[in-house]
Amino acid sequence: MTESLSLRTARGAHRAGPVPGDDDTRQPSDAGSALLEQDQREANRFRRTVLVGRIAVAVVVLGAWQLASGRLVSEFFVSSPSEIVGRLVQLVGTGQLWPHLTQTLIEVGAGLLIGVPLGVALGVALGMSALLSGWLLPYVMALYSLPRVALAPLFIVWFGIGLLSKITMVVTMVLFVIFYNVYQGVRNIDQDLFDVARSFRANRWQTVRWIMLPSLVPWLVTALRLSIGIALIGAVIAELIAASSGLGYYIKLSSNLLDVTGVFAGLAVITAVAIVLDQALGYVERRVMRHHPEKQH
Amino acid sequence: MTESLSLRTARGAHRAGPVPGDDDTRQPSDAGSALLEQDQREANRFRRTVLVGRIAVAVVVLGAWQLASGRLVSEFFVSSPSEIVGRLVQLVGTGQLWPHLTQTLIEVGAGLLIGVPLGVALGVALGMSALLSGWLLPYVMALYSLPRVALAPLFIVWFGIGLLSKITMVVTMVLFVIFYNVYQGVRNIDQDLFDVARSFRANRWQTVRWIMLPSLVPWLVTALRLSIGIALIGAVIAELIAASSGLGYYIKLSSNLLDVTGVFAGLAVITAVAIVLDQALGYVERRVMRHHPEKQH
Amino acid sequence: SAEPGPPTIRVGLVCGGVGLAALAIDSGGLPDGLQAQKICFDSGSDAVQALVGGSIDAFVGAGEHVVDNRAKGLDVKGYAVVSEAPPYSLVSAAGSGVHGVGDLAGKSVAVTAPGSLSDTELQKATAEAGVPYSGLRVVGAGTGATMQAAIGKGGAAAGMVSDPLLTTMLQSGAFTLTWKPDFRYIALAVIAKPSWVNDNKPAMQAFLQALRATQDKANADLPSVLGAAKQQAPTLDPTTLRTVVAATIAQAPPKLTIDDGPYRDTTQVLTQVGQVQPDKVPSFTDAFDFSLLGPQ
Amino acid sequence: MTPKVAVRDLRVAYRTRTGRHLALDGADLSIGHGEFVALVGPSGCGKSTLLKVVAGLVERSGGDALIDGKPIDGPSAGVGMLFQNDALLPWRTVHENIRLPLQVAGGNRAEQDVRIRDLITTVGLDGFADYLPRQLSGGMRKRVALARTLAADPDLFLMDEPFGPLDALTRRRIGAEFLSLWETLGTSVLFVTHDVDEAITLADRVVVMSPAPGRVLTEFPVPLHRPRDVRELRFTPSFRDLHDAISDALVAPSEIA
Amino acid sequence: MTPKVAVRDLRVAYRTRTGRHLALDGADLSIGHGEFVALVGPSGCGKSTLLKVVAGLVERSGGDALIDGKPIDGPSAGVGMLFQNDALLPWRTVHENIRLPLQVAGGNRAEQDVRIRDLITTVGLDGFADYLPRQLSGGMRKRVALARTLAADPDLFLMDEPFGPLDALTRRRIGAEFLSLWETLGTSVLFVTHDVDEAITLADRVVVMSPAPGRVLTEFPVPLHRPRDVRELRFTPSFRDLHDAISDALVAPSEIA
Ligand SMILES: Nc1ncnc2c1ncn2[C@@H]1O[C@H](COP(=O)(O)OP(=O)(O)OP(=O)(O)O)[C@@H](O)[C@H]1O
Ligand SMILES: Nc1ncnc2c1ncn2[C@@H]1O[C@H](COP(=O)(O)OP(=O)(O)OP(=O)(O)O)[C@@H](O)[C@H]1O
Ligand SMILES: [Mg+2]
Ligand SMILES: [Mg+2]
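Chains as they are written, first to last, in this note's numbering: chain A, 1 to 297; chain B, 1 to 297; chain C, 1 to 296; chain D, 1 to 257; chain E, 1 to 257.
Keep in mind that a hint or two might mislead.
Facing chain C, a subset of chain B residues (Cβ under 8 Å, in silico) [to be verified]:
1. Leu72
2. Phe76
3. Ile156
4. Gly162
5. Leu257
One-sided excerpt, in silico: chain B residues whose CB lies under 8 Å from chain D [stated by the list, open to error]:
6. Ala34
7. Glu37
8. Asp39
9. Arg41
10. Asn44
11. Arg45
12. Phe46
13. Val196
14. Trp205
15. Gln206
16. Ala280
Calculated from the structure, these hints are not laboratory results. The beta carbon of each residue, even a glycine, is placed where N, CA and C say it ideally should be.
Assemble the whole structure, with the sequences as input and the hints as a guide.
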């Protein structure tokens, strides 16, 4: 029972099942092709199970929605998957989707490109200096908790109705999530590793690159994952307040027209973008983590 | 130079300065009162420096704002600290503030009470099961990245214009932040410690309590810190869309009346709430961390 | 103006629903090669801030924004009136027992947002009926589905609704009309900063002329603008759309110009509900300038 | 009678990024009830792996491993493992770290405290009850881990270099302490060490493993009567002979290689 | 001539939650240029602390510590520390862990690789270049740490139980390897060990520390000529005598206490 409590990423051997021994081949780094084949089989089986389950979840949820719509709940409030798909097909077919999509993607991309490094820098600085964090931390918290929606009009006044105000909005959303994770990550780095770097007289930049950043990887992964979602939210919020294109604009327009199908179609696109970005991040994570201690898939 | 790279929370002795030796007292756990007094002095000095700097930051920012307002920038856009303070005094004096404040606090409190345990449970479950996370993770990401602002109207349609829709909004904001941090935290727990617990045949619940939760403390702290801010934002967003009281309602009202001072007064109250909650969290953190390996202030 | 190339104008709108300005822009054929960009705002006050801050050039919104802001010393002016009918009516759920404003005393009433035009209208309605406004629980319930849900699910005894939802809701039979504004009010005006207009006369002129042309076209041949209207409200069925467009056109004053009668009505409402100090109310000629609309 | 522990033809192949790493390849071992077995072998030959298999922490890729005649399938009751790295809970004080197995067992806290204080004295850490692991020296941490294992009161001890980072004196003192404990309790012990002297001093039998991938090369019964006087022992001739024989066995395979 | 390392009346008091913990109280030590000094003492007496002070990682609370006559103030150039816990970077492979000091020094990667492969062979880890620390046994990790310190090519080695978790054979082999390296390079070494045999075999002088809070009790010059034959040494009578003397010195203070 407690066995299952060990991490799914438990060290290899936890999962190694008994296989018929073939004692004759005594190569130090090879345990026989039977074992390796079995590993391969297990890995494939696992991948299949994941895929099937994933599809099942989608089918069940969308199916329930489709069935409930118009029966249990008025279609006016929840639309239905088939209608939404129809709308999406139409949006793609007529080419209406692209300007909205690219607009939002540009805002998200630019916002992440600015917000992430800024957040990392701030997190490292405050994480390393007790004085700086003593001075600034309460204010960071204060700024973070400001509802950006309420500030949006000011953003428009300061940064115009164009891209700049939207990117700023995304940056202010992303910044804090990255900051807090990096800050906590910095404070959790193994002091012994710093000592090693110091004893080899690594300079500041080397210590950051070789000790700090690798130690921060798990924290950064979480932070980036949270950032993708929140960047999308930021862009959409900015577009809700004032815009002439973008997915948020499309959603707002649909919402004002009581076009729930349009709202859900817009949300579906955002969702798809989020999943794609997240999978991309997952891919990068696996590549980086390959060398990281704690986790390997 | 590299020296300053060692964490501010570096082990005690990193900071221990030379003091005159008093070799005659050879007590194993006491290093002489001169040293202890010096530590005390240093700690006090540090606390003073932090406080002074913190106040200085506030004074500079508010001062610049006050000076710029009406000179560099029209007061119509940025109001001014003195006006905002005046408004706050008035809001408190007339008792107008309390219903709004308590309304928002109730929403935030209830949302956190529901969202935090839910997020922890989800994070632990998905962090521990490769299958569950394989099935659900992409969808969690998808849900997380849905702009809640765009969903707010639907929440109101589904859950009414009362407390329920606001609490739901707060929960949906808080849930994901907690989830992602806990999830990553679970995946970063030292496998050796699980092995220890297993070898002593600790049951599932004991392993969670004695190994998992303490290991998650740094991740939970970040998650909670992020949650406070985001819960406030969630409550305000929900109130902006539909409400009859609450700080978001007050801000919306002021905004529609082009009363920027009122908007900032509302934001100031939110900020104050965030700082108070954050400080409370910091206090709890210090108490818990007292026994935690990495960090002590 | 010094600027070369075709005149451009950035117009702020509260989107959703059919409006004359949006019809003019969407039906194309703007005069003098005018480039007009629609920017959708969430609320009028956001747009006014953007206007004053220079992020947009013109805004089509409630006349109170002109009055309010001039009273505050901000330099904004109305250059045309697109609607002089207050848009919001009070609606209650059928069978709720609410028949008139008098039945609302002490109850929850939904407005789109506190401090917005619907709120102003509610204050006017209660004042007319002699019900103390302060005794109501005013709920901001947004527009569209949230408003409908607030009224339909009993979150509010009545709510302020505008077209096209108003028509739809009343047609459904589940809702009854509780109160309908019977006064004149500058509900939609083209607002801009005189300083900008001075520098960009051709653009403003072209835009206003486009509005006039659209108005004339619609009055002469309603179906000719339905295509553009369909763009703004693609989900409305043709008959409803036609009704809504006809109402929109009907609300616009002749030649988009008013005399000081409706202006006085408007300022009277605003002073009555305490939104503007009586002594701060700007004069009609100070607040509106119809000279750019062309020959009267 | 079935032995306490029986390991037959044990294979363990760790998963690595590129495939599998064979750590044990046909290891055989048996420990009788109440027997004290020392395990010596070159670094990386699979001693820790063997202990972890018996502890139920690492799965077999082949062969059998039984405790009391029952195949091992997860950690068994009554087995106490002392890890090579101390694996203390970094957020718990010395006192609370030692409490862990007692907490699992449940029972009165005050009684636990008494027991813990006793154990702290046994391992010579009086005055350090409230220290955190990172405030201790390497040897002190190991002693905490030892106390924790003792607290579990197992009837099979699996000890992975328990006295590694201890100075000779402390090592001998704690070794003697542990020996007399074992002599009164009659538990079984599997004990990994690098110190052949220590192996002979403590064990009934010394098992020598081959270089990686490990299998058991040979074993030596220790023909010394008990109770043993740890301090005097190493100067007896039979001790010297045994020492040389084991050292030779350890050297042999690598001399060939 | 100034000694390589001079420590006088050194006091270190660690900060703890409740106040200060005195780890060293008046320690004196000096290491000549090219001298090999072994440090032995009871667990927790402050050996690691002393090394860390010389490494510039822990600040003094009192007394002096100088390298080449200059007060220590942070890590000095040319000082190589091997930590008691191996302190490897967990995300780097064996090869990349060893690269660390070479990276700090900069220079050609290909040359670094050659050097690293050499060092991996020196510590007997051929075939494990691409393993991560957690895939290695305790002794193997220690050897990686040793290789990493060797890579830095310091002229003062500070080694905190470098051969702790190694079996006798590997230990002797690597010890001899290190000794011959030292004999050719003429660097200074401060070497913490529990193994009095090892201390005598390797060092020019064995320094014995008192129980906590540590100070230096006494020291023994090792009158054995070099180069030494590590395998034969321990059977000579002068070796035996020295061993007994040092063991007695280690026992003495605690016998009194
Ligand atoms: N998690 C793991 N993944 C892959 N290989 C591993 C893992 N753990 C150990 N190994 C390999 O298994 C072999 C045996 O390791 P083990 O720890 O059992 O050795 P040991 O005999 O205890 O050595 P030492 O005396 O140095 O502690 C080593 O070659 C090691 O690299
Ligand atoms: N960071 C720290 N905070 C507080 N006390 C510490 C800290 N590090 C070490 N100590 C204390 O200092 C004393 C000396 O520790 P040190 O690690 O120097 O001992 P040592 O001689 O290396 O012991 P061992 O041989 O067991 O490694 C111990 O009592 C220990 O508890
Ligand atoms: Mg081992
Ligand atoms: Mg030590």
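Quick rundown of the hints versus the structure:
Given hint, leucine 72/B at the interface with chain C, is violated; its Cβ is 14 Å from that chain's nearest Cβ, farther than 8 Å. Here the hint on phenylalanine 76/B is kept, as its CB sits about 6 Å from the closest CB of chain C, short of 8 Å. Hint on isoleucine 156/B holds. Least Cβ distance to chain C is approximately 4 Å, under the 8 Å limit. Annotation: interface hint on glycine 162/B holds; nearest CB of chain C at approximately 7 Å, less than 8 Å.
For the restraint placing leucine 257/B at the interface with chain C, the shortest Cβ-Cβ distance is roughly 4 Å, inside the 8 Å limit, so the hint holds. Here the hint on alanine 34/B is broken, as its CB sits about 22 Å from the closest CB of chain D, past 8 Å. Look at glutamate 37/B: its Cβ only gets to about 22 Å from chain D, farther than 8 Å, so that hint breaks. Interface hint at aspartate 39/B: violated, since its Cβ lies 16 Å from the closest Cβ of chain D, which is beyond the 8 Å cut-off.
At its closest, the beta carbon of arginine 41/B sits 23 Å from a beta carbon of chain D; the interface hint therefore is violated under the 8 Å criterion. Proximity of asparagine 44/B to chain D is violated relative to the hint, the smallest CB-CB distance being about 24 Å (cut-off 8 Å). Look at arginine 45/B: its Cβ only gets to about 25 Å from chain D, farther than 8 Å, so that hint breaks. Because the smallest distance between the Cβ of phenylalanine 46/B and any Cβ of chain D comes to about 22 Å, over 8 Å, the interface hint for this residue is violated.
Against a cut-off of 8 Å between C-beta atoms, the interface hint on valine 196/B holds, since the closest Cβ of chain D lies about 5 Å away. Given the 8 Å rule on beta carbons, the hint for tryptophan 205/B is violated: about 11 Å separates it from the nearest Cβ of chain D. Taking 8 Å as the C-beta contact cut-off toward chain D, the hint placing glutamine 206/B at the interface holds, the least distance being around 6 Å. Look at alanine 280/B: its Cβ only gets to about 22 Å from chain D, farther than 8 Å, so that hint breaks.
In this structure, the hints that do not hold are numbers 1, 6, 7, 8, 9, 10, 11, 12, 14 and 16, in rising order.
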